[in-house]
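**Q** Chain by chain, the residues:
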Amino acid sequence: MITVKDLTRGYAHTVAVNQVSFSVAKGQIVGFLGPNGAGKTTTMRMLTCFLPPSSGTATVAGFDVLEQPLEVKKRIGYLPETPPIYPEMATVEYLRFVGSLKGLSGTDLDKRVDYVVGRCSVADVKKKLLGKLSKGYRQRVGLAQAIIHNPDVLILDEPTAGLDPKQINETRDLIKDLAGDHTIILSTHILPEVEQTCQQVIIINKGRVVATDSVENLQSRGRNAETMVLEVASRSGPLEVARIEQRLKQVAGVSRVSIKNKYDSRAVFETESLMGELKRGDLARVIVESGWDLNELRPASMSLEEIFLQLTGGDPAAQTAEAKPGAAAPGQGESSAAEEPHA
Amino acid sequence: MRNTWIICRKELSSYFASPVAYLLLTMFALIFGFFFWNSLGYFVIASMEMQMRGQAFSMSVNEQIIRPLLANTSVVGLFFIPMITMRLFAEEKRTGTIELLATSPVRDIEIIVGKWLSALILYACLLLFTALNFAFLFRYGNPDWKPLAVGYLGLLLQAGGLLAIGTFISTLTRNQIIAGAATFGVCLMLWIFSWVSGYDSATWAAVLSYMSVVTHFDSFGKGVIESKDAIFYLTVIFLGLFFTARSMESMRWRS
Chain A
1 MITVKDLTRG
11 YAHTVAVNQV
21 SFSVAKGQIV
31 GFLGPNGAGK
41 TTTMRMLTCF
51 LPPSSGTATV
61 AGFDVLEQPL
71 EVKKRIGYLP
81 ETPPIYPEMA
91 TVEYLRFVGS
101 LKGLSGTDLD
111 KRVDYVVGRC
121 SVADVKKKLL
131 GKLSKGYRQR
141 VGLAQAIIHN
151 PDVLILDEPT
161 AGLDPKQINE
171 TRDLIKDLAG
181 DHTIILSTHI
191 LPEVEQTCQQ
201 VIIINKGRVV
211 ATDSVENLQS
221 RGRNAETMVL
231 EVASRSGPLE
241 VARIEQRLKQ
251 VAGVSRVSIK
261 NKYDSRAVFE
271 TESLMGELKR
281 GDLARVIVES
291 GWDLNELRPA
301 SMSLEEIFLQ
311 LTGGDPAAQT
321 AEAKPGAAAP
331 GQGESSAAEE
341 PHA
Chain B
1 MRNTWIICRK
11 ELSSYFASPV
21 AYLLLTMFAL
31 IFGFFFWNSL
41 GYFVIASMEM
51 QMRGQAFSMS
61 VNEQIIRPLL
71 ANTSVVGLFF
81 IPMITMRLFA
91 EEKRTGTIEL
101 LATSPVRDIE
111 IIVGKWLSAL
121 ILYACLLLFT
131 ALNFAFLFRY
141 GNPDWKPLAV
151 GYLGLLLQAG
161 GLLAIGTFIS
171 TLTRNQIIAG
181 AATFGVCLML
191 WIFSWVSGYD
201 SATWAAVLSY
211 MSVVTHFDSF
221 GKGVIESKDA
231 IFYLTVIFLG
241 LFFTARSMES
251 MRWRS
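Chains as they are written, first to last, in this note's numbering: chain A, 1 to 343; chain B, 1 to 255.
It should be emphasised that the hints constitute simulated quantities derived from the structure, not laboratory data. Here a beta-carbon is modelled for each residue, glycine too, at the ideal position from N, C-alpha and C. Be careful, since some hints might not be right.
Unchecked claim - Short derived list, chain A residues pointing at chain B, Cβ under 8 Å:
(1) Phe50
(2) Pro52
(3) Lys74
(4) Tyr78
(5) Thr82
(6) Val98
(7) Ser100
(8) Leu101
(9) Lys102
(10) Gly103
(11) Leu104
(12) Tyr115
Generate coordinates for the entire structure from the input sequences, incorporating the hints supplied.
**A** Spelled out as structure tokens, the structure:
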């Protein structure tokens, strides 16, 4: 549905996007992950024909962004980072305006406006001025305008930025709902967001693609070392932290134990082990059989920063990970990886 | 064509949804109303004097009221035009809505012409107030309507040119005040250029005087359609819109 090849875009003194290549199959949700200033927005703007690329090509639904921008624009719904709303317009008036701008008219327009109003739950604020809406509603109106013409491709720039947790969940559910009919690219700098909504991840840093992979692969790649978090409590009296530490070290597979937090009668530990070498049950048994309570036992999730450092080679331990065949180097083997179907 | 109209309608509803349009209309109505009242007063006094002396001056409503008033309108318009055009693109650039327009299946030129047309329509609404005043002349007097119609055509053409320049300037910045001030400066320059006609012999003076939008209005004020003046205004409109299109294009390369 989307094919990007060697896309490059420079500004006056910097190269914002440098030879980015990837492709996205129909119906997929792809997460565009990277820190601020990585080139996510610039790439998206090129896909939406807002910015022309300096070199390289991008095609959307078979149309080139430079050669046939009008055809591309007809097939794309775009939600920029700040929803492009006119504060002096009312919600429905605005949606009708955008709809007609995208080529809808007559009963089609009426139907689509009704549909997106329901779909994006903005019925409560139909008659309100957009300038008076809360951030969450503005975002939803922004999403509504992006899907109003039922585009093949949806491009969402940080769709959950600035929303409260409930709204974030609603927005993610909505995005997941929309997949299938639409091919979706969404950018974010929040890893859980990618885990929850996307099937495919493109990690971008300093204008270059550092990895293109499915979410599962990415996570497991990050975890050739596994970290477990345990909270241990004593049944009565103060907790003998040093003894617990010792016991944990003796568990098969554990390479390091550290104390994260210490309270009167409970403490939080972290154990590190190589992937697959540790049985979680062993940890639990050791604690319980020694007469302590195990309040919590969970794998520590890898933060974006950690994965990022690994992928960009910021961490010595990660150099090896990057050299592994599974880790796609920029510019090669990505397209094929990206086209793999994922459940 | 359809897209142009969609953009134009949206811009008009923006003008009228905010106080901008009403403020401009009120101010213009007051200023023009004052001019009208003033020149009508002079006319009445002059005609009374004529009756008392029993002399027969030739008195003409067209020559003595409508023509100077149209000339006044053409100058007063210079002050209103920046306020009409300054927001057209600057505001969209500041709020980011330009991204919506630029990523919709609409040609740049359709956006530009739509916006310019809406500005022209707002200006035409201002002129409606002058027509309201002139209607009294038709009720109580017997002026010729044709020179008046030509005068309006001239005003619209002149405003069209200046509005196109204002639209262009509005694409250059995201700050409405800057766009407004720059447009105002250009409008004033194009007005005062006509004052150098005293140095008529010099080529530069002739050139400057020719560039003044006000000199080209004289013929329309008289009720004469001079093709060279009409072509001058049409050229300004074309150039203004052309530069706007170029500026929008370069905006994409720069931003």
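**Q** Against this structure, judge whether each hint is valid.
**A** A quick look at each hint next to the structure:
The restraint placing A:Phe50 at the interface with chain B holds, with a minimum CB-CB distance near 5 Å, inside the 8 Å limit. The criterion of a C-beta within 8 Å of any C-beta in chain B is met by A:Pro52, whose closest approach is roughly 6 Å, and the hint holds. The beta carbon of A:Lys74 is positioned within 8 Å of a beta carbon in chain B (closest approach about 4 Å), and the interface hint is therefore held. Hint status for A:Tyr78: holds, given a least beta-carbon distance of 5 Å to chain B, under 8 Å.
The criterion of a C-beta within 8 Å of any C-beta in chain B is met by A:Thr82, whose closest approach is roughly 5 Å, and the hint holds. With its C-beta approaching chain B no nearer than about 7 Å, A:Val98 sits inside the 8 Å limit, and its interface hint holds. Interface restraint check: A:Ser100 against chain B, minimum CB-CB distance 5 Å, threshold 8 Å, status holds. Contact between A:Leu101 and chain B, as hinted, is supported at the beta carbon level, the nearest pair being about 5 Å apart and thus within 8 Å.
Taking 8 Å as the C-beta contact cut-off toward chain B, the hint placing A:Lys102 at the interface holds, the least distance being around 6 Å. For A:Gly103, the shortest C-beta to C-beta distance to chain B is roughly 6 Å, which falls under 8 Å, so the interface hint holds. Against a cut-off of 8 Å between C-beta atoms, the interface hint on A:Leu104 is violated, since the closest Cβ of chain B lies about 11 Å away. Proximity of A:Tyr115 to chain B is violated relative to the hint, the smallest CB-CB distance being about 19 Å (cut-off 8 Å).
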